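Keeping the supplied structure of chain A fixed, place chain B upon it in accordance with the hints.
If you read the protein sequences in the order shown, they are chains A and B.
This note's numbering applies: residue 1 is where the first sequence begins, and numbers increase by one.
This note's numbering applies: residue 1001 is where the second sequence begins, and numbers increase by one.
Errors might be hidden in some of the hints.
What the hints assert, rightly or not - Here are the in silico distance ranges between beta carbons for each label pair:
hint, chain 1, residue 1, chain 2, residue 2, range
1, A, 392, B, 1297, 57 to 67 angstroms
2, B, 1425, A, 165, 54 to 64 angstroms
3, A, 346, B, 1144, 54 to 64 angstroms
4, A, 313, B, 1408, 52 to 62 angstroms
5, A, 313, B, 1340, 38 to 48 angstroms
6, A, 115, B, 1404, 17 to 27 angstroms
7, B, 1334, A, 122, 52 to 62 angstroms
8, B, 1152, A, 524, 22 to 32 angstroms
9, B, 1036, A, 111, 48 to 58 angstroms
10, B, 1404, A, 439, 27 to 37 angstroms
11, A, 170, B, 1143, 17 to 27 angstroms
12, A, 91, B, 1036, 44 to 54 angstroms
13, B, 1297, A, 122, 17 to 27 angstroms
Said to hold, decoys possible - Simulated pairs of lysine to any residue, SDA-like, Cα-Cα distance not exceeding 25 angstroms:
hint, chain 1, residue 1, chain 2, residue 2
14, B, 1314, A, 189
15, A, 372, B, 1360
16, B, 1314, A, 117
17, B, 1154, A, 153
18, A, 317, B, 1121
19, A, 317, B, 1185
No lab work stands behind these hints, which were simulated from the structure alone.
These numbers were taken from a predicted model, which means no experiment stands behind them.
Backbone N, C-alpha and C define an ideal beta-carbon position, used for all residues, glycine too.
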Amino acid sequence: MKKYDAIIIGAGHNGLTNAAYLAKAGLDVLVVEKNDYIGGAAVSRQMTDGYWYSSCSYVCSMMRQVIHRDLDLTRHGLVLVPYIGSLAFGENGNIVTSYTAEGPNYNELKKHSAHDADAMFRLMADLERYSILIRKTLLRTPPDPTSFKPRDIKELLFLAKTFWELGEAEVYEYIRFFTMSAAEFLDDYFENDFIKAVMATPGIIGTALGVDSPGSAYILLHHVMGDVDGNIGAWGLARGGMGAISNALASALQEHGGEIMTEAPVDQILVKNGKAAGIVLENGDEHYADIVVSNLDAKRTFTKIVDRKDLPPGIFKKAENFKIRGSSGKVNIALSGLPKFTGVADNRYINRGGQAFIGSMESLERAYDSWKRGTWSDDPFIESVIPSAWEPTVAPPGKHWMSNFIQYCPPQLADGPWTPEKRDAFGETVINKIERYAPGFKDLIVHMEVRTPFEIENEVGLTEGNIFQGELTIDQLLFNRPFPGYAQYRMPIKNMYMCGSSTHPGGGVSSACGANAAREILMDLGKPNTVPEDDCFDD
Amino acid sequence: MSSFDAIVIGAGHNGLVCAATLAKKGRSVLVVEAADTVGGLAQDREFHAGFKAPIAHAASSFSTQVAKALDLPRHGLDFEPAGATYGLGEDGAHVRIIGDQISGVPQADHDEFAAYRQKLLRYAKTLDVVWHNTMPRIGGGLMDAMVYAQAALKLRLLGAEDMSEFVRVLTLPMRDLIDEVFVDPKLQGLLSWDGVIGSKLAPRSPNNAVLPLLLRMNGAAGGDYLVPKGGMRAIAASLVSAAQAAGAQIRTSSPVKRIIIEGDENGERATGVELETGEVLHAKKVISSADPKTTLFKLLGQRHLEIEFTNRIKRLRTNGLVAKFHIALSGEPEIVGGPDLRGRFIIAPSFDAIEFAYDDAKYGEASADPAIEFTVPSAVDGALAPAGQHVVSANVMYAPYDEKTGWSDASRAAFSDAIIAKLKRYIPNLDQISLGHELLTPLDLEREYRVTGGHWHHAEMALEQMLMMRPTYQAAQYQTPVSGLHLCGAGSHPGGGVLGIPGWNAARQILK
Chain A
1 MKKYDAIIIG AGHNGLTNAA YLAKAGLDVL VVEKNDYIGG AAVSRQMTDG YWYSSCSYVC
61 SMMRQVIHRD LDLTRHGLVL VPYIGSLAFG ENGNIVTSYT AEGPNYNELK KHSAHDADAM
121 FRLMADLERY SILIRKTLLR TPPDPTSFKP RDIKELLFLA KTFWELGEAE VYEYIRFFTM
181 SAAEFLDDYF ENDFIKAVMA TPGIIGTALG VDSPGSAYIL LHHVMGDVDG NIGAWGLARG
241 GMGAISNALA SALQEHGGEI MTEAPVDQIL VKNGKAAGIV LENGDEHYAD IVVSNLDAKR
301 TFTKIVDRKD LPPGIFKKAE NFKIRGSSGK VNIALSGLPK FTGVADNRYI NRGGQAFIGS
361 MESLERAYDS WKRGTWSDDP FIESVIPSAW EPTVAPPGKH WMSNFIQYCP PQLADGPWTP
421 EKRDAFGETV INKIERYAPG FKDLIVHMEV RTPFEIENEV GLTEGNIFQG ELTIDQLLFN
481 RPFPGYAQYR MPIKNMYMCG SSTHPGGGVS SACGANAARE ILMDLGKPNT VPEDDCFDD
Chain B
1001 MSSFDAIVIG AGHNGLVCAA TLAKKGRSVL VVEAADTVGG LAQDREFHAG FKAPIAHAAS
1061 SFSTQVAKAL DLPRHGLDFE PAGATYGLGE DGAHVRIIGD QISGVPQADH DEFAAYRQKL
1121 LRYAKTLDVV WHNTMPRIGG GLMDAMVYAQ AALKLRLLGA EDMSEFVRVL TLPMRDLIDE
1181 VFVDPKLQGL LSWDGVIGSK LAPRSPNNAV LPLLLRMNGA AGGDYLVPKG GMRAIAASLV
1241 SAAQAAGAQI RTSSPVKRII IEGDENGERA TGVELETGEV LHAKKVISSA DPKTTLFKLL
1301 GQRHLEIEFT NRIKRLRTNG LVAKFHIALS GEPEIVGGPD LRGRFIIAPS FDAIEFAYDD
1361 AKYGEASADP AIEFTVPSAV DGALAPAGQH VVSANVMYAP YDEKTGWSDA SRAAFSDAII
1421 AKLKRYIPNL DQISLGHELL TPLDLEREYR VTGGHWHHAE MALEQMLMMR PTYQAAQYQT
1481 PVSGLHLCGA GSHPGGGVLG IPGWNAARQI LK
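Bound conformation, chain A alone (with noise of 0.2 angstroms):
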């Protein structure tokens, strides 16, 4: 039988970049899908008739573009296509337009207020100073901080370096922001409660944290790090649905020879003589190769498809303890009109760009509360998007499809598991409440999938349907992701390798995993580096 230089399981993003690099470095690569489509969460469906969604990721923003140039994923057929104004609908008709022009943004912010449009310059050169040394990390393996191998040295006096030539108060204003809630964080800019509460959702978006939690300031930034076309922060539609990103990527594979094999689930990682040497399918089908590579999050590849006896001590209990907790749903909507929402004069940047359903700082902080108790809240955050509206290839002509990202929504139900009743209460509560803003809304439904933790681990196979495959909190980034000791994409049994969200630099559709896995992979082999190092056209 065949064997293969290596396997990569899950056809996520990040597995099929990390197969690409490594089929354009010569490897003979397959990668292995348990579902009978690409893409993990990177997705577009066709679910009913002419629509096609992207049932999981929704917007396009992190994805490293020195890996779409260097991928050559324009040839492959991404296009991005950029949002100009979202609008943020809150409490008692307040609608906050922002714009990503900036002299617009500032007269819109003045009708709220004067103080809050001057704190949102002060704020974005911030926001865009802060993600600067974050994106020096993205496409950099992390250091072992008590390694004393000479690489490891260098690279944890590269970060020494860049942190202590910030200077005092840089340096103090970087660790408030990467250990302060959003909350706290933009009471030092903003008065005005609601804009305040525009600002902040990015800081709960995927996580267990609430805007009052320490921590979520720097989940923020991880939302605003990203851009489109060199617009730092900037957020953008793949054409034809974010599956159009992991199309991209396989077709990028295809060219350089890698294969792809749908509708095969992986039971087992193969280990021989302490290496891993292939996979056992689910429908007992062995596939041999000297590498092994895991797209799937930390928790699911140490206590689902590797034998505890293959690990040794430690590695299990560690991965049962990677916080890798669900808090998202997802609603996505077949619409045979656009909404008319309330307030919004001809309904004016429908068309551009997002909708968020917010409410208040209290609300976003209740709903919160909600999740800790087990339930969902009657007032969720939902941050939703028409893409047809401006991007006309994912619904029948005149038709709409509609991505609702709900946060909060518990993986686990304080009176018991999700039940379809209890999945279709949920859904029920996002579309009464998004009536409340486009009366008649429900109206043009033509078919709903609603989507709980529960869905979204089970089909897309995310622990907990944890969206960044792992909490994006201190403990867990850097040289802690997914375990101290092990944030080098090599993992405890030798020839095999992580290449998932659960590796640094962590969750979003940044493709940054993927590529880092596959330069440590090929400095293993003793191949050339085919792989960019830097993205850092900011500094």
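Just chain B, lined up with the frame of chain A:
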């Protein structure tokens, strides 16, 4: 006109430690205290005729290094044997811990406990060099960087496995730290309490719990409950004795009106203080153990500070969340299950008991179902109550400083009722023996003890307000931007609690 080498504002324990340390080195020192007694929050207050209690009811974290340096045992400081900490169960089945000993938990927790505690003690010890030194400024010369390198070396000496674990757990929420090891809900609540106490934190809050916990565990008792022989007032008494023996003067009932600033071509410098009485006292150095906002805004005045610095002090997080509750008792409280009254009792029988109590406070409400730590200090210190009678001293979370009614009579009464109702479930005879109680919200503590926000620690013990950033980076070396004006209170590194370290570090830095 009197003139001193140093005037120390405030005769709380840190002010006294600072004064004693300076006096021992031959400096002429005057301590001025607004209240008519010394000791600040660690002094007894009579809250009901014949009944007293201190606000700070434990000295568990007091620095042994400071006690040794000031020869405090010779000045009368001695400790009772450590008391057990109980995680109370309503049915009388309690978790009891003292040292590495634990009872009342499932076997699995029993087996893990000593290793868990020893691990944290090891980390607390590793940081000793950090706590007992001035943290140098960032971005300074190579010498400054060296101090951090030393700390890093200490960490490396832990060994790779332990060091990785240290770096990982340092920012964990209490819940995750504990959940990984223990399964018993009462134990989980008890251990969480010690991480979140005094802070704007609940068990699920990341980043800011473990470092302060390690600081507290670095003290005399390694996390156990400890009171001095003769009660909390013995701390101030021994410090007064040490300070006076070294020649320091202490004046009580002498509130400071302002810090005197004189300017010349070399800029402004602090040259003394003016008391409320109008009396002027001069000194080469003015050292304030008051909290940073009080010192810099009330006593100094913003006009002497740069706008950037002023903003940093303004945005210091200083709102307290702990209320103090005292009850005078005509007889012995009969706690369910009959634990030793000389212990410390925690009513927080699960993570969520604390977490959900915290949720109210986020919206400016006192906890409807509060979490409580109480002691019966009169069981150890007979002077606090008439013979045969007792005092309950309780720390109650959470009580927001900025309660949304401004702590109206109604909200105070409702909160007191909630506290009593909760205590009664664990002390069934409470109603029969209760003679009266006192509620001190953070707002009350601010008014009575001149602590901004009524915050125990003068400023939140959060990473962004600790180490070389406490209280903020331009004042973290016990030196304010105003020449001759120094800080030595809980708002300085390493922080709050009855530690004595800020005062000691400040004095040694000033002597350099």
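Hints, verified against the model:
1. At about 59 angstroms, the CB distance of residue 392(A) to residue 1297(B) agrees with the hint of 57 to 67 angstroms.
2. The beta-carbon spacing between residue 1425(B) and residue 165(A), approximately 57 angstroms, falls within the hinted interval of 54 to 64 angstroms.
3. Separation of residue 346(A) from residue 1144(B) is about 60 angstroms and conforms to the stated range, judged on CB atoms against 54 to 64 angstroms.
4. The supplied range of 52 to 62 angstroms is met by residue 313(A) and residue 1408(B), whose beta-carbon atoms lie about 58 angstroms from each other.
5. Between residue 313(A) and residue 1340(B) the beta carbon distance is about 40 angstroms. The supplied range of 38 to 48 angstroms therefore holds.
6. At about 23 angstroms, the beta-carbon gap between residue 115(A) and residue 1404(B) stays in the expected band of 17 to 27 angstroms.
7. Here the CB-CB span from residue 1334(B) to residue 122(A) is close to 59 angstroms, well matched to the stated 52 to 62 angstroms.
8. Between residue 1152(B) and residue 524(A) the C-beta distance comes to about 29 angstroms, which sits within the given range of 22 to 32 angstroms.
9. The hint said 48 to 58 angstroms for the Cβ distance between residue 1036(B) and residue 111(A), and at roughly 56 angstroms that hint holds.
10. Taking the beta carbon of each, residue 1404(B) and residue 439(A) are about 34 angstroms apart, inside 27 to 37 angstroms as hinted.
11. Between residue 170(A) and residue 1143(B) the beta carbons are some 21 angstroms apart, a value that agrees with the proposed interval 17 to 27 angstroms.
12. Between residue 91(A) and residue 1036(B), the C-beta spacing of about 51 angstroms keeps the proposed range 44 to 54 angstroms intact.
13. At about 24 angstroms, the beta-carbon gap between residue 1297(B) and residue 122(A) stays in the expected band of 17 to 27 angstroms.
14. With a C-alpha separation of about 13 angstroms, the suggested pair residue 1314(B) and residue 189(A) falls inside the 25 angstroms cut-off, and the hint holds.
15. Distance check on the hinted pair: residue 372(A) and residue 1360(B) sit about 13 angstroms apart at the alpha-carbon level, within 25 angstroms; holds.
16. A hinted pair counts as satisfied when its Cα atoms are at most 25 angstroms apart, and residue 1314(B) with residue 117(A) qualifies at roughly 22 angstroms.
17. For a cut-off of 25 angstroms, the pair hint linking residue 1154(B) to residue 153(A) stands: about 17 angstroms separates their Cα positions.
18. As the CA atoms of residue 317(A) and residue 1121(B) are separated by approximately 23 angstroms, the hinted pair is consistent with the 25 angstroms bound.
19. With a CA separation close to 20 angstroms, the supplied pair residue 317(A) and residue 1185(B) stays within the 25 angstroms bound.
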